[in-house]
Each structure stands twice: as C-alpha cells, then as structure tokens.
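Taking the hints into account, I'd like the entire structure generated from these sequences.
Taking this note's numbering, the leading residue of the sequence shown gets 1, the next gets one more, and so forth.
Below, a list of computed lysine-lysine pairs in the BS3-like style, where the Cα atoms sit at most 27 Å apart:
| no. | residue 1 | residue 2 |
| --- | --- | --- |
| 1 | LYS124 | LYS4 |
| 2 | LYS83 | LYS124 |
| 3 | LYS83 | LYS4 |
| 4 | LYS249 | LYS264 |
| 5 | LYS124 | LYS264 |
So the derived label-pair ranges between C-beta atoms look like this:
| no. | residue 1 | residue 2 | range |
| --- | --- | --- | --- |
| 6 | ILE276 | GLY153 | 22 to 28 Å |
| 7 | ARG186 | PHE103 | 43 to 49 Å |
| 8 | LEU18 | LEU113 | 21 to 27 Å |
| 9 | LEU117 | PRO72 | 27 to 33 Å |
| 10 | LEU113 | SER246 | 35 to 41 Å |
| 11 | GLY197 | ALA235 | 32 to 38 Å |
| 12 | SER78 | GLY107 | 38 to 44 Å |
These aren't lab readings, by the way, just hints derived from the structure by calculation.
Here a beta-carbon is modelled for each residue, glycine too, at the ideal position from N, C-alpha and C.
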Amino acid sequence: MSSKITAYIRLIRPFNVLIVFLTILAAAILAGGEFSQWWRVLLASLSGALIASGGYAINDYFDVEIDAINRPERPLPSGAITKAEAWWVWRLSSSAGVIISAFLGPGTLGIALFWVLSLYFYGKRFKQTVLVGNFIVGIATGLAFVFGGVVVGHVERSLWPALFAFLVNLAREIVKDVEDREGDARGNARTLPVVYGVRPALVLATLTIMALIGATLAAYQLGVYNQRYLMVVAAVDVVLFGVAMSIWKSTAPSHLRRLNTLLKVSMLGGLVAISIG
1 MSSKITAYIR
11 LIRPFNVLIV
21 FLTILAAAIL
31 AGGEFSQWWR
41 VLLASLSGAL
51 IASGGYAIND
61 YFDVEIDAIN
71 RPERPLPSGA
81 ITKAEAWWVW
91 RLSSSAGVII
101 SAFLGPGTLG
111 IALFWVLSLY
121 FYGKRFKQTV
131 LVGNFIVGIA
141 TGLAFVFGGV
151 VVGHVERSLW
161 PALFAFLVNL
171 AREIVKDVED
181 REGDARGNAR
191 TLPVVYGVRP
201 ALVLATLTIM
211 ALIGATLAAY
221 QLGVYNQRYL
231 MVVAAVDVVL
241 FGVAMSIWKS
251 TAPSHLRRLN
261 TLLKVSMLGG
271 LVAISIG
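Encoded structure:
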C-alpha cells in the first residue's frame, strides 16, 4: 500500500469511523429494526460513516497549525497530505453521506445535514469557543443513536442510548482539551482549560462522568433495561469511575490519551450492555 493511501486512511480515523458505523447499526437493531429493513440500516450506517470521515478530514484541515504542536505525526502537519486534498476528502465524503441519507427519508436527511454543518463549523469556529465545541461533538454523537432509531421508525427507543453517548463524548472532549492545552494555547483556541485553567475542566469532566454513571443506573431503576444489562453496565461503570479518579492523578498528555481510550472502550461496553438488556 502506497504511503499516500496510508495517509488518507489515517486522515479519516478508520477505527473511529468503524465505531460510528457499528453504533448506527446497533442503534437501529436496538430500536427494533427488522430483517426486512436490513438495506436501510446498512445504508444509514454507511451514510454516518462517510459523514464522520469527512468530519475528521475537515477537522484536521482547520487544525493543521495546532496539530503541528500536539500531533506532528498526523497526515497534514507531517506533509503526507495537503490541505487541498483534505478539503476534497471532506467535500466528497460528506456529500456522499448526505445523498445516501436523502434516500432514507427527511428525518435522516435532516440529521445528516446537521452533522455536516456542525462538524464544519466546529472545526472552523466553535472548537475555539469555551464548551460550545464540546457540546456540539456530544450532541452529534448522541444523534447517531437517534439516526438509527429514525431509520427503522422507532426513535423513542434510541433516546437513552443517545443520552449515554452524549455524556461520554462530552467527557471525552473535555479530557481531550486538557490533553491538548499546550498546542491549543499556542493556537489561540479558547478551550475550557486554556481560558479558565485545568482544574475547572477536570471538575466538569468528573461531574459529567458521574452523571453518566447515574444515568446508566437510572435506566435500570426505571425498568428500561433488565438485570442482564445491569450486570454488564456495572463493570462499565467501574471503568468509568476509575477514569474519573485517574484524571486527577496526572494531566500528562500520554496519561490523558490512555484515559480517553478507556472512555472509547466503555462506549463499546455500553453497547453490549444495552444489547443484552
């Protein structure tokens, strides 16, 4: 495989894109999707994955100066891909995702357009605004579950998973801001840790994780999910609690990056819990 193709693959974050694909797929199944709807579910998953790919490309496009400090090995700051090439990846991938969503109905088209616009303006402007960018990413991720629910006609069954996804990704974004604070400060990005300091950011990340743990337990207490769900989600909550405590031990970027990976893993654990519950 040529170095150019490898750079394009790294640009779109294939592991994260796969998570988006599987999340929408799981969301549709959990919302009561039937086998006869398999083609709609697969198209919806592909649509979301394409839009996510474009979102990563446009994010790197706007972040090239900051990434030169925080992540110089990324395709753009390393010179493996030009800004013009990343721009075309965003345009083509996002357009393909929106076109596919249009075939599935007005609800999916509306969410797809929101994703494309919010990811673009997140990278261009809102990422540099205190907490606004964090909430945009959280909402966009939560909408993946709503997207899956809409495509099979049972959006009401996707609301709890959407809430979980919103909270875990809000926490991830805040922790990531602490991790990237040095480069963000040099790039004049007005993130929470840059403007108000690391401690308020850690407090908010901790509270968000605790709210997530509370929400997962509330779903069981309210009878939304059964005891099998509780058994798995309890293990996930132990991991989440450990992350909430560990972010206070060190704010070294390498340490926070590992914790962010654990938060990603907890998302997969949560999907398993919901699936069996």
